[in-house]
Structures are given as C-alpha cells and as structure tokens.
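Student: Sequence:
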Amino acid sequence: MRILIVEDEITLNKTIVEGLQEFGYQADSSESFKDAEYYIGIRNYDLVLADWMLPDGNGIDLINIVKQKSPRTSVVIVSAKDDKESEIKALKAGANDYIKKPFDFDVLVARIEARLRFGGTNVIEIEDLIIDPDEEKITYLGKEVELKGKPFEVLTHLARHSDQIVSKEQLLDAIWEEPELVTPNVIEVAINQIRQKMDKPLNISTIETVRRRGYRFCFPKKV
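For the sequence shown, position 189 matches number 189 in the numbering used here, and the numbering has no gaps at all.
I should point out that these hints are in silico values taken from the structure, not numbers from a laboratory. Among the hints, erroneous ones may be present.
Claimed, not checked - Heads up, simulated DSS-like pairs for lysine-lysine below, C-alpha to C-alpha not over 27 Å straight-line:
| id | residue 1 | residue 2 |
| --- | --- | --- |
| 1 | Lys148 | Lys168 |
| 2 | Lys81 | Lys100 |
| 3 | Lys150 | Lys200 |
| 4 | Lys69 | Lys92 |
| 5 | Lys67 | Lys84 |
| 6 | Lys148 | Lys197 |
| 7 | Lys143 | Lys200 |
Whenever a hint applies, use it, and build me the whole structure from the sequences.
Tutor: Below is the structure:
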C-alpha cells in the first residue's frame with residue numbers, strides 16, 4: 001500500500017512517514033501543494049493524507065485532483081481547524097475522513113487502516129488478464145504468472161496508464177524509491193523480464209516500445 005503525506009510541518013511530516021513505514025506502508029513525502037500535485041500525477045496511491053493549510057494552496061483543492069485521476073484513492077484531511085463547519089466542508093468536497101490536530105498517532109493509523117479496508121479494489125482486469133497489485137499476483141486464463149518485484153511494478157504502472165506512452169524517466173520516478181541512484185537501463189531489464197517470463201510463454205504482447213518516447217501497455221494484442 002502506498003500513501004502520500006502532504007504536510008508542510010517538516011518534523012510532523014517526517015514523524016508520520018517514518019511511523020507509517022514501520023507499519024509496512026510505502027510513504028512518499030510532500031511539503032507543498034505543487035509537489036503533491038506532481039506526485040499524484042506520476043504515482044498511484046491507495047491513500048493521500050493531506051493537511052488543510054499548505055504554503056501554496058490547501059488540501060481541499062487536492063481532493064478533486066486525486067479523485068479525477070483515481071476515484072478509488074482515499075483522501076484524509078488533517079487540520080488544526082476544529083469547528084464543525086470545516087469538517088463538513090472537507091467531507092462535502094470529497095474527503096473520506098477528517099482528522100483534527102493534534103492527533104494520537106495510533107488513532108491516525110487506525111483511521112488510515114479503516115479507510116484502506118473500505119476502499120475500492122486495486123485489481124486491474126483486462127479480458128483474461130488479471131493484475132492484483134496488493135497480492136503481487138498475475139493470472140492469465142486462470143493460470144498464475146511468475147512475475148515479481150520491479151518487473152511486476154513496471155507492468156502494473158503501464159497497465160494503469162494504458163492510454164499513455166510512459167517514458168523511462170516517468171517509470172523511474174513512479175517506481176524506484178531513489179530514481180537518481182539508478183540508470184534508465186534498469187527499465188530495459190524489467191521490460192525484458194516481462195517479455196521473457198510472461199509474454200513469450202503465454203504467446204501474448206503486453207508492452208510495446210515507442211521509439212525515443214518510452215513504453216505503452218498494448219494488451220490485448222496477439223503475437
């Protein structure tokens with residue numbers, strides 16, 4: 001499960017990120033509206049935890065951006081505003097929950113877990129191909145495909161953006177925790193593994209190379 005933390009209080013941001021990572025979540029950190037908008041554009045999140053007041057905007061405006069891209073993604077607003085009207089405004093704007101500051105971290109985790117339980121499925125189904133990101137599992141015609149790790153994440157990301165050409169740089173930013181420490185060649189390695197371990201044995205094609213631009217998910221396309 002991947003969560004985006006949008007909080008301009010640096011110490012609080014770090015505390016939440018480190019705490020969630022201890023619970024096994026993948027957590028990205030943003031301290032501004034602009035950075036949050038960038039992350040939402042390149043990555044798929046199960047939940048976005050956003051502070052109401054940000055230096056260059058507010059969490060309420062982020063709700064629409066998140067929901068337009070992925071209606072299933074939960075948005076939890078955190079705010080020092082403790083009046084009833086503010087909570088109602090956030091919920092009416094589409095927030096899935098509203099947590100008032102200061103909050104107990106254990107309570108925060110419990111609320112996040114509740115939202116993730118009640119959220120929609122992340123499973124991608126395209127004809128006979130089923131990709132389950134939560135279980136890191138792929139099945140085709142009822143048979144499980146042995147594809148794990150980064151190749152699985154690359155395939156999943158491309159499948160979620162099936163109407164787009166995705167560059168190597170975008171894939172690095174979306175999947176690798178520290179993309180600046182790896183070379184774009186790791187994408188080629190991952191794509192090759194997808195083709196060797198999945199496409200070739202199953203006689204299908206899932207990813208096509210778009211010269212000088214990147215890759216595009218192309219299933220269903222018979223070889």
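Student: Enumerate the violated hints, using their earlier numbering and listing them in ascending order.
Tutor: none
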